[in-house]
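For chain A, the structure is supplied; the task is to place chains B, C and D on it using the hints.
Protein chains in written order, with the working numbering: chain A, 711 to 1049; chain B, 711 to 1049; chain C, 711 to 1049; chain D, 711 to 1049.
By construction, these hints were calculated from the structure, which means they are not laboratory data. Some clues are possibly wrong.
For identical chains, the list gives no copy identity; a pair is met inside one copy or between any two copies.
As a list, the in silico SDA-like pairs of lysine to any residue whose alpha-carbon atoms are at most 20 Å apart [stated by the list, open to error]: (1) Lys816 to Pro802; (2) Lys961 to Arg864; (3) Lys816 to Leu837; (4) Lys961 to Cys798; (5) Lys816 to Cys804; (6) Lys961 to Glu803; (7) Lys985 to Cys801.
There are 4 protein chains.
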Amino acid sequence: MRAAVLTGIKQVRLEDRPEPQARPGWVVVRVESASLCGTDSHQYDGRIDTPFPRVPGHDFAGRVESVADGGDESLIGAHFAVKPSLPCGDCPECARGQLADCNRKKLIGLWSDGCLAEKIAVPQVNLVPRPEGVQDWQACLLEPLAVGLNTVDRLRIMLGETVVVLGQGPIGLAVTRLCALSGAGRLMVTDAREAPFAVSRAYGATDCLNVTQTDAVKAVAELTSGAGADIVIETSGFPASSAIVLDCVRKEGKVAHIGWANDLPPLPVIPIMAKTLTVFGVGGNGGRGQYERSIELVRSGRIDLGPMVTHRFALDDIAAAFETAASKAEGAIKVVVRP
Amino acid sequence: MRAAVLTGIKQVRLEDRPEPQARPGWVVVRVESASLCGTDSHQYDGRIDTPFPRVPGHDFAGRVESVADGGDESLIGAHFAVKPSLPCGDCPECARGQLADCNRKKLIGLWSDGCLAEKIAVPQVNLVPRPEGVQDWQACLLEPLAVGLNTVDRLRIMLGETVVVLGQGPIGLAVTRLCALSGAGRLMVTDAREAPFAVSRAYGATDCLNVTQTDAVKAVAELTSGAGADIVIETSGFPASSAIVLDCVRKEGKVAHIGWANDLPPLPVIPIMAKTLTVFGVGGNGGRGQYERSIELVRSGRIDLGPMVTHRFALDDIAAAFETAASKAEGAIKVVVRP
Amino acid sequence: MRAAVLTGIKQVRLEDRPEPQARPGWVVVRVESASLCGTDSHQYDGRIDTPFPRVPGHDFAGRVESVADGGDESLIGAHFAVKPSLPCGDCPECARGQLADCNRKKLIGLWSDGCLAEKIAVPQVNLVPRPEGVQDWQACLLEPLAVGLNTVDRLRIMLGETVVVLGQGPIGLAVTRLCALSGAGRLMVTDAREAPFAVSRAYGATDCLNVTQTDAVKAVAELTSGAGADIVIETSGFPASSAIVLDCVRKEGKVAHIGWANDLPPLPVIPIMAKTLTVFGVGGNGGRGQYERSIELVRSGRIDLGPMVTHRFALDDIAAAFETAASKAEGAIKVVVRP
Amino acid sequence: MRAAVLTGIKQVRLEDRPEPQARPGWVVVRVESASLCGTDSHQYDGRIDTPFPRVPGHDFAGRVESVADGGDESLIGAHFAVKPSLPCGDCPECARGQLADCNRKKLIGLWSDGCLAEKIAVPQVNLVPRPEGVQDWQACLLEPLAVGLNTVDRLRIMLGETVVVLGQGPIGLAVTRLCALSGAGRLMVTDAREAPFAVSRAYGATDCLNVTQTDAVKAVAELTSGAGADIVIETSGFPASSAIVLDCVRKEGKVAHIGWANDLPPLPVIPIMAKTLTVFGVGGNGGRGQYERSIELVRSGRIDLGPMVTHRFALDDIAAAFETAASKAEGAIKVVVRP
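Isolated chain A (complex conformation) (with noise of 0.2 Å):
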């Protein structure tokens, strides 16, 4: 079958690779649609250490082809959104085949050959059955409906409550989302570019800070009569927009961290203490049901994923859609490859 494979820093291209085969609990999916997210970027830009070559993609939604022996023959054909981390296959719960409960996941693309391909294998466990109403290219950009879920939970966002967003690429774009449908009151969102703000207010931003052009904690001052936000979310990874966080929060506030890169800049404490704040960091999608409440969110229609979607390619034409996603070219936010 055909894989598109990282052979090296800024280098991709297909492959002929063997036929995935699936083990006891595991299936074999045909992709129907993948996407390319920052970490997959990231891989091809050579920011994140990838053991080459390797087949990178991890959020993706297929069409089950076929079972191990003894199997459930019943899935083959179902269609279905797949969650992206494996079991570690060496823990208790893993020896135990309690797989869902592994607590040492590895992302698929990085730790191991993933979906930017025709087909993988994955355990039954990662699967979430996509309704009806919900297309594959939708059921490709789960991830980081999920990981903005697993941060509006923690965060309890009580009706009215102002909220920052720092950073609209695709996961402060659902974050906005989330918090527009959490309660959100004013809802101001950050970002370098002007590009993703259409889709920001569609999302039900109320204020949209292009910080090349507004200092953003002297706005977000104004916008809250100089108390600053209730809470204030870091989705961007970058130095500068992480250095304002605890700037932009009013006194007992919440802060959220998303935005990860090596060189984010530490919190100092005094200002934490001072205005008895208090701090989450999410470290990915929790894994406790959010992949299956995202699909419902796009299934009721209470998430357009359409406007995040900028560009589209086919498996033939890898090189030109990691292009594309890493450079951000044209307005890109996200990126969807159908093999």
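Coordinates of chains B, C and D only, in the frame set by chain A:
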């Protein structure tokens, strides 16, 4: 000044009353708009005992006309919504002058003469500034929102949870809108009249169940794949509605009771234990910032109170106003009176 | 092997039964100690319907004697406490082999033959390792602790809050101890017998109210300066006790119901609303780590189960064991049986 | 009257000062006992900037000696603990006379003259009644308890959770006791001195780690089977201690920072995200009932403050008192001064 006076059951008339005076810490408010709520109707039809004669009314907005000697004269002429309960004057908090902290507040219009008059004296701590963009007829409709906020604040809805709101009177409609804004997924509502459902839908209800035609328990079961709703909120105060609360909620779900009537059936304990439920009793508007947040929800346009106001009367037509509110004739939801 | 068998109401006798066998995923446990709880007593005296003949008993500890073919032989000889409910075998979770996630577990000793026998087969997921320093007679008494933890976890006692525990049977005593450990301030308990109060006091109760001599509502009011308790937990399952719960709790307080009986009076809704209460129904031991935490509380010595065990019997004396437990004769609290 | 006056760094002496007078809403308190805390020591040794000359001291108990004209004369002669911060007098809350609600309170002894004198005037809202059975030397030690309550209230310890308290100065010891009372399981504490560990153990610590001899991170890992603690609370304000907080806590655990110093190392963001942590900054005593609850914990005997008081001085010996407190000589923990 002119005032509406309840003189007996189903007896209301205009009388001339002396002008109110402001004691220290109090102000005289010229009433701009007042709304009738279920309490007013029940005082009128005798379901709530009232010491006649009594000027009814407690949900209103107005303009400060005078302050006590030595009071803050900058308030004169400013516009406010007014919180409906008076400090008792007797408790330790009142004795210390901390009127806002009184735990035994008493509703005006019931325990003292109310707002269905040209003017009324209230403590300064009861004033909530009416911001630009909020009309007086909107500011006289805050109590259902404040009660609703006091409910959803405690329920802490998770994004996507299924909610049933039993009853679509003013409080039921307010709760429906607040649940929609707070992240409810499927949002089912019930009533015995079709009239309010147009508003319910505009406010975000996904399923409107007319209990004269539909078995609500069965319908909720079907709409939740047999599981029951995550959250059930009873607002109607009708025995038949209160009786199905525990049947509509899922295992480990949450229940809230707001609808108040003397003839509500008691709750059996076994299903509360067997289903591991949490039951929240809601006894009012909380009085901890809910009014301020309600007016902001109106100002920002997130709640459009227009569809709730079905009838408007002048103070001269107070008899017709009460008759309309009490009989719920012509699809009446909220009746506003402008002195 | 020998087993106690309930053959009718108040009829229990020893029988010879076939040795149990371990299906895949199951193990055979040699019972070291078992305790009788209220459910066993009520099966015996007919207050709980039981399909006779039935081997009763569900709270026990033992040693693994054999595993299924291909099972983990390292378990053989190891000591465990055993969780008392079996996966249903029918639900989607059971179908997927995730037995621990079954939502319809069924109590052994009631829905299937139980532990008052020399041996019993149970699923491996029901085993909780018994650490060094915990004796088998202690490990057979974990259910009241697990139920109690499932209660106090949800109540989230703030340090110094006043608590009333109604009923001082084994669950009431366990709850008393857990509340004391969790920060309760004044800790009032009630019972109709003097016998358990010595244990109550050792467990941290500050005030023991004998309801045959004292008006508990009045006493709680006096002990709380008229305010009522912050938290009231009903564990007795007696109608007269259940009836006073709402009278003992303060405004904005919390209530929990654990005590289970068919003749409990229902809860009036008005006081739940008027007092703005939160009512927690507790339907079991939660099954989310409560057993593991219970055994650690015993191991660390923070709960001394000794004072609860008033009687010990050999399996040969099962009739006397049941009669003592059911009659609560001689100050009986917990009866332990060692096959 | 006599008063201790800081006239410069490490310079303190007795002076004769004019008698304080009670403004409206204020009272004059005759100081019965005062304690020195870290703030006092740091004002003395120059680590906190102080406008000299200044009468230091803020944690104290006394007897009301006089009230303002027209004030409540029944207060005269009554005994109180006194909250240590004064309303600012400038904010909207102060303008409305709601002094207790001021959000910009200022510590006495730093921003105004303090309690290390024979008498001091304070607002009536700062008085906390000292009940029978609580001595004045106990009532002058409430601040560490109030700060500790403000911490454990937010951490919401689940019964049996493992806790590490870094630093065993007065606040660290208070937190240790409060965690033990709140249900902590294994309760590990650290300090660089052996002296406080006797108190730590009496307060419920299970493991005392002297950081001059033990690698605390390694020890905590061992004591928690490699997982890390559920909760880590840094109270010392020492850089080396603050630096290990994130290494001691488990995945999905909680962290609190109370220890305040200008040279604390900042917190890296990556581990906060990677471990999905929640970080609580604690900036004071909360001012929402914590003093009242603290005095009740002392009254009921649940906290024995005796072991914390290592030194007592008369006001005449104020220089020795400060030298002892600042140098922590002779195992000093708390120094009490009786004017």
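Against the structure, the hints:
1. Lys816 to Pro802: within (16 Å within a copy, 26 Å between copies)
2. Lys961 to Arg864: both (19 Å within a copy, 15 Å between copies)
3. Lys816 to Leu837: within (16 Å within a copy, 29 Å between copies)
4. Lys961 to Cys798: between (41 Å within a copy, 17 Å between copies)
5. Lys816 to Cys804: within (13 Å within a copy, 26 Å between copies)
6. Lys961 to Glu803: between (42 Å within a copy, 16 Å between copies)
7. Lys985 to Cys801: between (41 Å within a copy, 18 Å between copies)
Figure legend: structure checked against the earlier numbered hints; every hint is met.
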